[in-house]
Amino acid sequence: MSDERTRFANVVLPHLGDAYALARWLARNDSDAEDIVQEACLRAFRGIAGFGNINARGWVLSIVRNTAYTWLKRHRDPKLVAVDSIEEVEPAGADAGIDWASPPASPEAALIERADTARLEAAIAELPIEFRETLVLREVEGLDYRTIAEITGVPIGTVMSRLARARRRLMVQLGKDEK
Amino acid sequence: MTGGSDDPFLLVHAYCDDELDPANALALERRMAEDPRLAAERDRIQALKRAMGRLKRAPMAPPALRAKVERAVGMRRPAVRPTWSAMAASVVLAAAISVGATWSVVTPSGNGGLVGDEVVGNHIRSLMAAQPIDVASSDQHTVKPWFNGRIPVSPRVVDLATEGFPLVGGRIDVIAQTPVPSLVYRFRKHLISLTEMQGGGAPPPERTTDGYHTIGWRAGGVTYWAVSDVDLDALQKFVKLWQAAPASEER
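Each protein sequence line maps, in turn, to chains A and B. Anchor point for the first sequence: position 83 equals 83 in our numbering, and the numbering is continuous, going up by one each time. Anchor point for the second sequence: position 126 equals 126 in our numbering, and the numbering is continuous, going up by one each time.
To be clear, the hints were calculated from the coordinates, so they are not data collected in a lab. Fair warning: there could be bad hints in the mix.
Unchecked claim - Label-pair restraints from in silico Cβ distances:
id, chain 1, residue 1, chain 2, residue 2, range
1, B, ALA219, A, ASN29, 24 to 32 Å
2, A, LEU80, B, ALA72, 42 to 50 Å
3, B, ASP210, A, GLY50, 45 to 53 Å
4, A, ASN29, B, PRO152, 36 to 44 Å
5, B, GLY199, A, HIS75, 21 to 29 Å
6, A, ASN53, B, ASP18, 25 to 33 Å
7, B, ALA40, A, ASN66, 20 to 28 Å
8, A, GLU121, B, PRO62, 38 to 46 Å
9, A, ILE156, B, ASP233, 27 to 35 Å
10, B, ARG207, A, LEU42, 36 to 44 Å
11, A, ASP3, B, GLY211, 21 to 29 Å
As the list claims (entries may be wrong) - If we take Cβ atoms under 8 Å as the criterion, some of the chain B residues that face chain A in the derived model are:
id, residue
12, ASP6
13, LEU10
14, ARG54
Idealized CB from N, CA, C, for every residue including glycine.
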């Protein structure tokens, strides 16, 4: 095999499963996720010479993430919110109703914990993509805040607040469903 | 809502994600002890994290996707479906040609031979990779948790630094299309891979393939493989020490 292919086999292929998981959560559709991963892998292959030998997994996931955005804009929604602007589109706004100190309708922890898996998946799928990707990178891919910040191109503080908002929405949703 | 990064209702998320430094974590713990609303939020976040933990699957891409990707970058011809061991072997072959080494491609040989070949292939492939490990740490309390959430099993990790086999890190290998944990130890200038598989067949024999020794054994329903190019005596010593040492969670 050529050097590029050997390198690709060592750097990219070990993370194919993680790449697919992320693409599935972003696209919310298995076959689109496969297309995205395939396109991302081609990009990674072309760019393999530029990979700096640091954190292969983070590098692969950031390519998958960027490919997913381009793919979704091209095939679904040309107006897909641009990468870091959700806080402008959705200012304190959508969460203005949330009083963090005494959240309304906050379900009990036990109720959240026994939430039905399908219902939880549906609630995650409903999240705006910026919240969803942050949550998935943290809880499914197990990445730390710094790596998530690098992949999504926002400050660490924004990662933290997106996680908080994403989780708050899930909690409220799971509480609603139960009634 | 302030949303500022000093908002305790935001910080409690970072706390649950182990992202606070010890001083801030301690300060927040005090506030949570005093403020039941904060404590309730912590409980909800942890409950949600556990619920999401149940969503996790072993990180496996559909085999057809892997095949498509490999074809797309020209790693395989259409309609041929080599396995991981074949791919590892082809990497070995490429290396053998490029460095002019004399050893040949590993070949399956009897019971445990196929798995043994994959173990050796994974070890060699890791030596050729940009970095031989996915997580680099000499601290067993860093390496062990790293596997959590990536694969369903958490490996037994022991510390043999004082015996001359410091832990270097860990990585995830693929054997029979299943992700498995491998620990990497160092002995002088050599690396030793220790791969753990749930279940598995008969205890694999001690054997030597192209200068790489493997020693296999079973304990508690788990099959272990140690592989390295250190001399056989050193590898046997390593295995004895590793079997006798207390695992990290037992301390």
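Going through the hints against the structure:
Range check, ALA219 (chain B) to ASN29 (chain A): Cβ separation about 44 Å, and the 24 to 32 Å hint is violated. For LEU80 (chain A) and ALA72 (chain B), the Cβ-Cβ distance of about 25 Å falls outside the hinted range of 42 to 50 Å, so the restraint is violated. Hint check: ASP210 (chain B) to GLY50 (chain A), Cβ distance near 34 Å, so the stated range 45 to 53 Å is violated. A hinted range of 36 to 44 Å for the beta carbons of ASN29 (chain A) and PRO152 (chain B) is inconsistent with their spacing of about 25 Å.
At about 42 Å, the beta-carbon gap between GLY199 (chain B) and HIS75 (chain A) misses the expected band of 21 to 29 Å. For the pair ASN53 (chain A) and ASP18 (chain B), the supplied restraint of 25 to 33 Å holds, since their beta-carbon distance comes to about 26 Å. A beta carbon spacing of about 38 Å between ALA40 (chain B) and ASN66 (chain A) contradicts the range 20 to 28 Å that was offered as a hint. Between GLU121 (chain A) and PRO62 (chain B) the Cβ separation comes to about 19 Å, which falls outside the hinted range of 38 to 46 Å.
In this structure, ILE156 (chain A) and ASP233 (chain B) break the distance hint of 27 to 35 Å, their C-beta atoms being roughly 49 Å apart. A beta carbon spacing of about 40 Å between ARG207 (chain B) and LEU42 (chain A) agrees with the range 36 to 44 Å that was offered as a hint. Distance hint check: the CB atoms of ASP3 (chain A) and GLY211 (chain B) are about 24 Å apart, consistent with the given range 21 to 29 Å. Taken as an interface hint, ASP6 (chain B) does not check out: its beta carbon lies about 10 Å from the nearest beta carbon of chain A, beyond 8 Å.
For LEU10 (chain B), the interface hint holds, since its Cβ comes within 8 Å of a Cβ in chain A; the closest pair sits about 5 Å apart. The interface hint given for ARG54 (chain B) holds, since its Cβ lies 6 Å from the closest Cβ of chain A, which is under the 8 Å cut-off.
The structure fails hints 1, 2, 3, 4, 5, 7, 8, 9 and 12 (numbered hints given earlier, in ascending order).
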